[in-house]
Every structure is written in structure tokens, then in C-alpha cells.
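Given the coordinates of chain A, work out where chain B should sit on it, guided by the hints.
2 protein chains.
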Amino acid sequence: MSEPAEVVRELWNRIQARDWDAAGELLAEDVVVDWPQTRERIRGRSNVIAVNRNYPEGWTIRVLRVLQDGDTAVSEVAVDHVDHGTFHAASFFEVRDGQVARGTEYWVDPPTGDPPAWRAEWVERY
Amino acid sequence: MSEPAEVVRELWNRIQARDWDAAGELLAEDVVVDWPQTRERIRGRSNVIAVNRNYPEGWTIRVLRVLQDGDTAVSEVAVDHVDHGTFHAASFFEVRDGQVARGTEYWVDPPTGDPPAWRAEWVERY
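Protein sequences, first through last, are from chains A and B. Note that our numbering has the first sequence beginning at 47, numbered continuously upward. Note that our numbering has the second sequence beginning at 47, numbered continuously upward.
Chain A extracted, bound-state conformation (with noise of 0.2 Å):
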């Protein structure tokens, strides 16, 4: 398994199955995740998979979809959160020798309120 898009599926998969030492050996030691929109950085594999195993459980990932460019794999994933809707995030992950190196996660919150009014009239909701 070397394919960037193949690697970043079974990611997302161990991720989902909570095996966290079989999602570890798809992160390089040195790996490093950014998140724009908390502007936080996490550093490292051990880091990245505790804060994956210790976010808030009744969470369920669907991987919408894969694609890849070179050595680098974009994923789509809506996770369904039991108590606070769904989430989505666009992810961005660099592959190399079979494990993340570098990775750059937009995750986006359930909507909340509306959206601004100005743009009303040109979008419909859904």
C-alpha cells in the first residue's frame, strides 16, 4: 500500500475502527498537521493520534471521497457527530514511503445560525 489516496482511505478507516497503533503506522514519527481554522499545529505522530483518540466520542466517518495528485492524497469526510451534527473536513496529506509526512486539515463545524443576508437572494439553502 503506497498509493497516496489508498493510504489516506485506510487512514481514515483505522481512524474509524479506534485502532490507534494501526492508524499510528500510517503517520510518519515526524509528522506534522495544521489546522487553519484554530490555527493549531500538531507535531509529531504520538500527538496526532491522541488527539484523535481522545476527541469527544459518537463520532462516525464517511469518507466521501479520495483523490490524489502526485504524492499528495486530498480527502472529503463528513463525520457524523451523535450529540452535534456533522462535520466536514478537506484534508490535504502529503504521502511519503507509505505515511503521512505533512497534513493540512480544513474542518468545517455544523452550520450555526444563518449565513449572512448580503448573499441572500442568489443562494438557497439545503
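Because the hints were derived from the structure by calculation, they are not lab data. As the structure is a prediction and not an experimental result, all values here were calculated from the model. From the three backbone atoms N, C-alpha and C, an ideal C-beta is built for every residue, glycine too. A couple of the hints might just be wrong.
Taking beta-carbon pairs under 10 Å as the criterion, some of the chain A residues facing chain B (in silico) [said to hold, decoys possible]:
#1 V120
#2 F138
#3 E151
#4 P157
#5 P161
Each pair of labels, with its calculated beta carbon distance range [said to hold, decoys possible]:
#6 B:D155 - A:P102: 20 to 28 Å
#7 B:A147 - A:E52: 22 to 30 Å
#8 A:E49 - B:E71: 32 to 40 Å
Frame of chain A; chain B shown alone:
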């Protein structure tokens, strides 16, 4: 210009240039764009252009990367706004015949407040 990544890169360039007619040429007449973070759906070229054209001014787009897999291009952009800080978007665009036919964009606002305390021991801020 028919490669999806090329079309998407040029779309961002034309939006940045506020060249709305030229930007519209890169969108299918019946394009549909979803924004999952607000559950907004924008149907049709003229509505997509209207939303961009009417977005409160003061913004500058930086294209961070554009990847491509088959008919789909994925872009990562930062949008610096003079009044509101830096937004980001991860956008999946399906391109047919040199035009964007379908889009899903994950827009992330500038951070407000601190991230959840439960994960502070494993992350740093940047």
C-alpha cells in the same frame, strides 16, 4: 485551456481581477456550488458570479496550491481581508469541457477565541 487545474487556477485569477465576465466563461451555465459550512447552495453561473461580485470588498486571494485527479481539481486558497483577517478555502471543482460544472467549497473563517482545552496538551498554536 482544458486541464482542470489550469481552469481552476485561471478562475481564481479572474475573480481576483474582478473580471466577472471572464470568470463567468469558466463556469458552466448550470454550475452548482455547495458551501457545507453554511449549507448554502448556489445554482447557475449568474448567481455564482453575483455572490463573488457582491462579497464585501477588501479581499485578496492567494492560491496556495491546485491539484488535479481526473476531471476534478482541488484548490487551497487563502483570502486576506483588510478588515477581517485571513480566510481559507479548500474547493473541489469538477470540470467538463473547460468549465466548472460542480463545486464543493469548505470555507474557514479567521480564528475566533481559543480551541477546545481538552486537546491543548498535544497541540501548539501558530
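Checked hints:
no., hint, result
1, V120, "5 Å, holds"
2, F138, "6 Å, holds"
3, E151, "9 Å, holds"
4, P157, "5 Å, holds"
5, P161, "4 Å, holds"
6, B:D155 - A:P102: 20 to 28 Å, "22 Å, holds"
7, B:A147 - A:E52: 22 to 30 Å, "27 Å, holds"
8, A:E49 - B:E71: 32 to 40 Å, "35 Å, holds"
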